[in-house]
Structure formats: C-alpha cells, structure tokens
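**Student:** Sequence:
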Amino acid sequence: MGSSSSSYAPKTIYLDVDGKVQKVVFSRHCSPCDIKELLCSSSNIPRNTAIMMVDPEGALVSIDPTMPPNSPNSLYKVVPLSTGQLGEKEDMFQNVLSQVADQFSRAFRINELKTEVTNRLAMLEKRVELEGLKVVEIEKCKNDLKKLRDEMTSRGGGRVNCPCKYNFSDDGKKVTPRRDVPNYPKYTLSQETVEALKKPTFDVWHWEHNEMLSCLEYMYHDLGLVKEFNMNPITLKRWLLAIQENYRSNPFHNFRHCFCVSQMMYGMIHLCNLQEKMTLTDMGILMTAAVCHDLDHPGYNNTYQINARTELAVRYNDISPLENHHCAVAFQILSLPECNIFANVDPEAFKQIRQAIITLILATDMARHGEILDSFKQKVDNFDFTNEEHVTCLKMVLIKCCDISNEVRPTEVAEPWVDCLLEEYFMQSDREKSEGLPVAPFMDRDKVTKPTAQIGFIKFVLIPMFETVMKLFPQIEEIMVQPLRDSRDHYEELKQIDDAMTEEAQKKKTENMSLGGKKK
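Residue numbers (my numbering): -10 to 509.
FYI, nobody ran anything at the bench for these hints, they're computed from the structure.
Hints may contain errors.
[What the hints assert, rightly or not] Below, in silico cross-link-like pairs of lysine-lysine (DSS-like), each with a Cα-Cα straight-line distance of 30 Å or less:
1) Lys216 / Lys266
2) Lys436 / Lys188
3) Lys187 / Lys422
4) Lys422 / Lys460
5) Lys340 / Lys216
6) Lys384 / Lys188
7) Lys384 / Lys366
8) Lys496 / Lys460
9) Lys9 / Lys66
10) Lys187 / Lys9
11) Lys484 / Lys216
12) Lys188 / Lys216
13) Lys0 / Lys12
14) Lys368 / Lys340
15) Lys187 / Lys0
16) Lys436 / Lys448
This one's a predicted model, so the numbers in the text were calculated from it and none came from an experiment.
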C-alpha cells in the first residue's frame, strides 16, 4: 500500500497553446471526460469539441488519468478533430456497414427477419404497456381503499385517544420502484473491468451509479444466478433500480457502500473458489444479502436509535433496529411482483432463501461481532462444507468481512472511506450533544483523529477476523490480510507523527507560559 501523500498527489502536464507553455493540473481521480473538458478550456477550444492529444513526435497520447507526464521541454499539443476528418471516417464506416448489410441481407433474408422482429417487438411493447396499466389500476384501488379506511376512522371507527406515541402505519417511507421497463444505460464492460471486478483492489470511486448498476447486473449473470433462479432479466434491472433508490445519500452508508460490499463479496467468491464448495443458492443468498444489507440506513447507528428511543428502536424492541429495518425494506421491495427476482422460485425454497438472507443481514450488527467470530473459531479447524450449521456460520463471517473490508483495498481507495465514515460519525455525535444523549469517544470530533479511529479497529477487529478466515482459505493472506497489516503500520506511523507534533506544540506552549511568568 502506498503512502497517503503519493495517493493524493495531483498530476501535472504541459501543453503548447499558441506557442506558449500552459501548465495543467488535475486529480488522479478525474474521469477522462473531465480531463478532456479541462484540456479544451486550457487550449481555448470550445467544450464538447472532439479532440486528440499528441506529443512532440506527433504520437497520440491517451486522455485519461494514467497518461504519462511530460515536462516544459517536451510539450503536448491538443488538436481538435476537424469535421472533415470525422466525416471521412464516418463515410468509410458507413460504406463498410453497407457492404456487410448487403451480404447479410442476401445470406439470411434479413428484411423478412426484420419484419418478424419488428412485429414481435410491437407485441411485447403492447404487453408491457398492458401490464403497466394493470399495476396503475391496482395502485389506484389501494389508494381508494386507504381513503375509505381513513374516512371511516375519522367518523369514529378507529381507536380514540390512543396513548401510543408511535404510528406504525405504512405512511412512512414508501418503497416506490419503477414500473416501466428499466432504461439505465447498458454499459459493455471491458475484459479489463471484468477481471478487476474479481479483485479487492477494484477502485469503486471511478464509477457512476448507472455503471455500478450494470456491474451488479453482470455479477448476477456471471455467477449463474439469473439462470439458477430463472430470473426475468427485466425484473433484475427493475429490482436493482429499486435497491439504488432506497439507499439514502449519507456520507458513508449509501449506494456506493452497497456496491463496495457487493463487489468485495463477488471478489471473495472467486478468490476462495466458493462456487466449488457451496451451492448456487448459497451464492445467491450471499450476493443478495450484500446488496440489501444497509437499505434505507438513516445515517445514525443503533446506539443512537436506542438512546433516542426512535420509532425503529421501539418497533424492534432495541434488538438490532437498523439491521431489522434493512431486512424489512429488502423484502418489502421483493414483495412487489415487478421487483421480485425470486418470483419463479418454489415457495418452500423461497422461505429458506428469505430466512438465510435475514440471518446474514442481522449478522452485520457489530454488537454481535464477538459472538459470531467465536462461533466460527470453534468450527474452522474442523470445518465441514457438508454441515449446514458450519456453512451458515461461514456465510455470516463472509458478509461481516465484506461489510467492513475497506482497509483491505489500496490506500488511495480506502482512505476516502475513512473521511466519509468520520463525517457520518461527527453528524451523529453533534446531534447527540444537542439532544443531551451519550456520545461515544470514537465519534466525537473533539477527541478522535483518523489514525486513532483506525488503529484499534484494524488491530482488534479486522486482522483477527480475516486471519481466522485465512485458516480456511490461505490464498487470502497476500491479497487481503497483508494489506490490513500494511494499513495498521501506516496509521501507526501517522499517529507517531501526530503525537510528536502535539508534544512539540505542548512544549512550546509551556515555554511561552514560562517566559510570560518571568516577564511579570
């Protein structure tokens, strides 16, 4: 793992703009589109102009964060692509396409096939439209029934002067998945991306929501889950959209965290060869639990929920209120026919899948960390993949590993997550102070630093858990356990620097006070 300073260093290149040297600085985390806009602006070229960049020898230079740096003595030049150049390429491309189309037309009677496909598409669109109308009608009936129920209650049919402080009706957050055919762009993943998805080093910061949805969709197809559970591919898309829409925009517990955990689970499935040791049903349970594990997280943890006596804490009797809520929202989404990816699963099998997913999501409550890890330690030395209790315990540990696995990733990917988590912690502690509630020291902005927040967590939670999993899967040591040890060392070095600076500042303060006393 690299040092924090190198991971954040910006990249600098030098351009030849009308015979003058123009310096351009950008972050290593910029997208290629952002870099192109910056280059256009620096070279006095209108935005959205198609451009290319060449070195002094006229060789093309790729426009992305990994482009090689240059010096003022070896200037790059940004060149707009003329409409003529584009037109020639387009004409050539069209000619080739026409020739290919002519050949296919002769060989396969493409016109007849086109007519048939068009007719079938029209029929399918009509069916989708009719199904959409049915859903709208059902929703209308539900609303009419609710209005009627409310009217009856207002006329005296309901309880009067109910002393209950909380309202558990369905008037809270609505799960509103899209009922049209999902239309987020289908990204074709490169072979490089496909391979990177299987590794803990995957950089989750370079992807937009639509791209993350496409990656999740790919994972379900690649693992064979779509075929195993006979999922309708359109239902899978609609379910993923509903999942994304039911993650809030918290600093940490958001849809990117959901994707992060799901990608790490997908990576561990491949790294540990779990497909050879577990069933496809187990794979589906692991992936779906990872996707759903923090649904509708409010950004305030269980301790706050319980101390503030929130509706969630009262509803779930102070027992893992957030994790119970995540499960409830997950199955509220799955209860909608248009989002039920398990619609074609046998009812008895679905009951077992549901119970297994609930078990895994509830296992992510850190209050149960010691209990779950101790149980796994008792089984790991004589682990039996044919023993259902052993496999269930392993799945609980796997989702726990993935949920808190950020420090396994490279420093430049992991450190921003620490900032996000501290931001969420500070929001909670500020609120706890204003409401007169107890404040945990590791959440207090006046007491915690990034190194102190991470050292104990890595040493006493992450490393012991991953080293225990390593007993069953030795191949994770180099890829997952060693980065944790490096991360621990990195933060301990930072803490030593912080301590030295604090000591120096305290020493100067004492000297100044001493000098001030002598002057008096």
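**Student:** Now tell me if each hint is right for this structure.
**Tutor:** Structure-based check of each hint:
For the hint pairing Lys216 with Lys266, the CA-to-CA distance comes to about 19 Å; that is within 30 Å, so the pair holds. With a C-alpha separation of about 35 Å, the suggested pair Lys436 and Lys188 falls outside the 30 Å cut-off, and the hint is violated. Only pairs whose Cα atoms come within 30 Å are accepted, and Lys187 paired with Lys422 is rejected, the gap being roughly 43 Å. A C-alpha spacing of about 43 Å is found between Lys422 and Lys460, which places the hinted pair above 30 Å, so the restraint is violated.
At most 30 Å may separate the alpha-carbon atoms for a hinted pair to count; Lys340 and Lys216 meet this at roughly 19 Å. Only pairs whose Cα atoms come within 30 Å are accepted, and Lys384 paired with Lys188 is accepted, the gap being roughly 19 Å. A threshold of 30 Å between alpha carbons decides the hint, and for Lys384 with Lys366 the separation of about 14 Å falls inside it, so the pair holds. This hinted pair does not check out: Lys496 and Lys460 have alpha carbons roughly 48 Å apart, beyond 30 Å.
The straight-line distance between the Cα atoms of Lys9 and Lys66 is roughly 11 Å, inside the 30 Å bound, and the hint therefore holds. With a CA separation close to 45 Å, the supplied pair Lys187 and Lys9 exceeds the 30 Å bound. Taking the CA atoms of Lys484 and Lys216, the gap is about 50 Å. The hint is violated against a cut of 30 Å. For a cut-off of 30 Å, the pair hint linking Lys188 to Lys216 stands: about 24 Å separates their Cα positions.
Restraint check for Lys0 and Lys12: satisfied, since their Cα atoms lie roughly 11 Å apart, inside the 30 Å limit. About 26 Å separates the Cα atoms of Lys368 and Lys340, which keeps this hinted pair within 30 Å; it holds. Taken as a hint, the Lys187 and Lys0 pair is honoured in the structure, with Cα atoms around 28 Å apart against an allowance of 30 Å. The hinted pair formed by Lys436 and Lys448 meets the criterion: a straight-line CA distance of about 20 Å does not exceed 30 Å.
Comparing the model with each earlier hint shows violations of hints 2, 3, 4, 8, 10 and 11; every other hint is respected.
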